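Participant: Protein chains in written order, with this note's numbering: chain C, 1 to 410; chain Z, 1 to 410.
Honestly, the hints are just simulated from the structure, not real lab data.
Note that the structure is predicted; figures quoted are calculated from it, not measured.
All the pointers check out, no bait thrown in.
One copy or any two copies: either way a pair holds, since identical chains are not told apart in the list.
Below, a list of computed lysine-lysine pairs in the DSSO-like style, where the Cα atoms sit at most 30 Å apart:
| id | residue 1 | residue 2 |
| --- | --- | --- |
| 1 | K165 | K244 |
| 2 | K191 | K367 |
| 3 | K242 | K165 |
| 4 | K63 | K120 |
| 5 | K88 | K63 |
| 6 | K317 | K55 |
| 7 | K88 | K55 |
| 8 | K55 | K120 |
| 9 | K325 | K388 |
| 10 | K88 | K120 |
| 11 | K32 | K55 |
| 12 | K63 | K32 |
| 13 | K165 | K2 |
| 14 | K165 | K191 |
| 15 | K55 | K31 |
Number of protein chains: 2
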Amino acid sequence: MKIMVMKFGGTSVADPARIHRAAERAVAARKKGDHVVAVISAPGDMTDELTALAKRVCEEPDKREMDMLLSTGEQVGIALFAIAVKNKRCDAISLTGPQAGIEADSRHTQARIVRIRPRKILEELRKGRIVAVAGFQGINPEDDITTLGRGGSDLTAVALAAALKARACEIYTDVSGVYTADPRLVPEARKIPEISYEEMLELSSAGAQVMYSRSIEVAQSYGVVIHVRSSFDFRPGTFVRKMKETTMEKANVSGLALSTSEVRFSVVEVPDQPGVAARILSEMARNDIPVDMIVQSAPTHRGVNDISLMTPRHNRKEAKAALEKACRELGAQRVDEYDQIAKISVIGTGFRHHSWVAAKVFETLAKNKINIHMISTSDLKISCVVPKGHEENALRALHKAFQLHRPPRK
Amino acid sequence: MKIMVMKFGGTSVADPARIHRAAERAVAARKKGDHVVAVISAPGDMTDELTALAKRVCEEPDKREMDMLLSTGEQVGIALFAIAVKNKRCDAISLTGPQAGIEADSRHTQARIVRIRPRKILEELRKGRIVAVAGFQGINPEDDITTLGRGGSDLTAVALAAALKARACEIYTDVSGVYTADPRLVPEARKIPEISYEEMLELSSAGAQVMYSRSIEVAQSYGVVIHVRSSFDFRPGTFVRKMKETTMEKANVSGLALSTSEVRFSVVEVPDQPGVAARILSEMARNDIPVDMIVQSAPTHRGVNDISLMTPRHNRKEAKAALEKACRELGAQRVDEYDQIAKISVIGTGFRHHSWVAAKVFETLAKNKINIHMISTSDLKISCVVPKGHEENALRALHKAFQLHRPPRK
Numbered sequence: 001m002k003i004m005v006m007k008f009g010g011t012s013v014a015d016p017a018r019i020h021r022a023a024e025r026a027v028a029a030r031k032k033g034d035h036v037v038a039v040i041s042a043p044g045d046m047t048d049e050l051t052a053l054a055k056r057v058c059e060e061p062d063k064r065e066m067d068m069l070l071s072t073g074e075q076v077g078i079a080l081f082a083i084a085v086k087n088k089r090c091d092a093i094s095l096t097g098p099q100a101g102i103e104a105d106s107r108h109t110q111a112r113i114v115r116i117r118p119r120k121i122l123e124e125l126r127k128g129r130i131v132a133v134a135g136f137q138g139i140n141p142e143d144d145i146t147t148l149g150r151g152g153s154d155l156t157a158v159a160l161a162a163a164l165k166a167r168a169c170e171i172y173t174d175v176s177g178v179y180t181a182d183p184r185l186v187p188e189a190r191k192i193p194e195i196s197y198e199e200m201l202e203l204s205s206a207g208a209q210v211m212y213s214r215s216i217e218v219a220q221s222y223g224v225v226i227h228v229r230s231s232f233d234f235r236p237g238t239f240v241r242k243m244k245e246t247t248m249e250k251a252n253v254s255g256l257a258l259s260t261s262e263v264r265f266s267v268v269e270v271p272d273q274p275g276v277a278a279r280i281l282s283e284m285a286r287n288d289i290p291v292d293m294i295v296q297s298a299p300t301h302r303g304v305n306d307i308s309l310m311t312p313r314h315n316r317k318e319a320k321a322a323l324e325k326a327c328r329e330l331g332a333q334r335v336d337e338y339d340q341i342a343k344i345s346v347i348g349t350g351f352r353h354h355s356w357v358a359a360k361v362f363e364t365l366a367k368n369k370i371n372i373h374m375i376s377t378s379d380l381k382i383s384c385v386v387p388k389g390h391e392e393n394a395l396r397a398l399h400k401a402f403q404l405h406r407p408p409r410k
Numbered sequence: 001m002k003i004m005v006m007k008f009g010g011t012s013v014a015d016p017a018r019i020h021r022a023a024e025r026a027v028a029a030r031k032k033g034d035h036v037v038a039v040i041s042a043p044g045d046m047t048d049e050l051t052a053l054a055k056r057v058c059e060e061p062d063k064r065e066m067d068m069l070l071s072t073g074e075q076v077g078i079a080l081f082a083i084a085v086k087n088k089r090c091d092a093i094s095l096t097g098p099q100a101g102i103e104a105d106s107r108h109t110q111a112r113i114v115r116i117r118p119r120k121i122l123e124e125l126r127k128g129r130i131v132a133v134a135g136f137q138g139i140n141p142e143d144d145i146t147t148l149g150r151g152g153s154d155l156t157a158v159a160l161a162a163a164l165k166a167r168a169c170e171i172y173t174d175v176s177g178v179y180t181a182d183p184r185l186v187p188e189a190r191k192i193p194e195i196s197y198e199e200m201l202e203l204s205s206a207g208a209q210v211m212y213s214r215s216i217e218v219a220q221s222y223g224v225v226i227h228v229r230s231s232f233d234f235r236p237g238t239f240v241r242k243m244k245e246t247t248m249e250k251a252n253v254s255g256l257a258l259s260t261s262e263v264r265f266s267v268v269e270v271p272d273q274p275g276v277a278a279r280i281l282s283e284m285a286r287n288d289i290p291v292d293m294i295v296q297s298a299p300t301h302r303g304v305n306d307i308s309l310m311t312p313r314h315n316r317k318e319a320k321a322a323l324e325k326a327c328r329e330l331g332a333q334r335v336d337e338y339d340q341i342a343k344i345s346v347i348g349t350g351f352r353h354h355s356w357v358a359a360k361v362f363e364t365l366a367k368n369k370i371n372i373h374m375i376s377t378s379d380l381k382i383s384c385v386v387p388k389g390h391e392e393n394a395l396r397a398l399h400k401a402f403q404l405h406r407p408p409r410k
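Using the sequences and the hints given, assemble the complete structure.
Facilitator: In structure tokens form, the structure reads like this:
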């Protein structure tokens, strides 16, 4: 059975006209011979509205009950989508996450998919039906609904594509693919026709908001080909897949990413002893706080270091508390917080052996008088933290310097 | 285990403040020692809004998908209710109809409860939790969600009270009980402290909109005591229960009901032959159209009859089609439709052997110059169809004539 998974995000099903457009896509694919599983998100702002409603009832609502509440959004989406498909004289059925056999763990509001039992989906596909599956939700061993957290619907789509051995997983969204930089900030940004899982992962974790890294990781593990494309036109978007190593022994810059959703913390004057960085990081890990770009200054003559890191803005409260605890225990001087910053990342391959790329990044920023607060590099990514307000200039300058508006030579 | 079922309708959970008030009631009952099962409806106008949304997608949406869609309303209700209860430091858990073990048949949008398996509810009650169960929904043998149609949440409450052998089933609503007549139309109307299942059934089917008859029938079958009361104050409302026959050999008028939601059809000049009424009614039954007050005129000298009946206004289209089909097949002359009518019913007991009650009804209407279009009587009910515009006068006159503002002598 040739199966295609098509995922429609919240903006793609935000109103009846868009629901019909999404349904038409699915029907067209079905008529071309594919069996179609459509993964649907909550229409428009529904998730935000339900969250706001719950917060009016209680400041910190119970997480199990939040899952019960929020999972209704996708349930509304699949029902309306199936109604629209049937209206086009194509048979369809909607399935909630639990009905579709999506088994998750019990970490309410941020569950992980444990297993998919696609019996019911396959049964319905065999009847020729388009199967609309609610994204973002599963069932835990206690028969409770759990939701999958940020990027949950993409994850549902990719995991289903893996479980069903689908020939592709199309992610329909309001942008037409993955770009060399955010086109709203860099007008000459170019759509990337295809990109490797590794680079897509780096782009995502560096702030490109097309897909969350967890879905890309699953796609990579199971070899699912992802096609990120627009729900508003029919042009091909960006394929994310295993790439042949055409760039072996060559450096390749594929795109730029910007993140303004992080803050920087510095623990100042930490005694220069073995184990201090570990102590700080384990305190962050214990509190489940994501950390990026850990930088330790060289020790001064007074035998002390500064240790700096980046963490998501929405974790700043817990991060500050955790770092202050570690600061006291280590006898460090204080914790500083920097808020007016932006992180620019250059994504590609082969950076480790081609230091000219890093040199060009620093040079370009210097030429544009943009100060660099922090640097972190890997084989696939060079990230620089710059002062807030300079990020657009930096993006445009780097885009030009690396000639990203031109398709790469093969 | 002493169990109390409390049902909160849509108006009782329409906004966060009301949800908190409902939650407080449940917590208070729990603290007094009852184990509490709270049956919750969809907040406010949510069901209507979802229906309107579906109709914007498709004029006649698929019924299975409508159930998938509409069942989210109650799911939102139970989640918010459980969040509010937990906020009051009382443990709670919400369960959808399927999770609560409410098994229904497959008549989508108007399913019937087949069986309740209350294992999960009992397990949660034993943990001391308040269990919030989604009204109006169940699961069919194919694992699909089905909804129970009009009055579905009341039905869920009464059926749960029966299955759990609850000591009572409290129905919280925006009126403070069952009245001798609609207090908005008859200011001197009196709250009825208790009423038998039979009379409550007649009141409901005659148009009193407090509860639908199907819930009362189930309560009667299983001996569930219903307490209809206001969610806005703490005064006792109306108990619906098995009554001792104190009125044996005496007629008793307990209340008046008004229905303006029906239309009258007449099949004119039907040949006076055996089986014609059956033919007409079976055509209505085949189309699942409710029928009330079937009246056949005495045959004229030309050997023809008129057959008239009442049917809900929202069924008028199908009713007209069905009757016109029967009309053609029977060689009757035509189908007339009367729209400007209202049905007044006097509800009580012992009417069959006390014809003075019927006489007094007709007399009172005549004295007030109110013309009667149709009459139908039973031991428990006398219904008269009157011209639209006269219904309030008729109600007030009858209320006074039977002195319903005074409590009945015991």
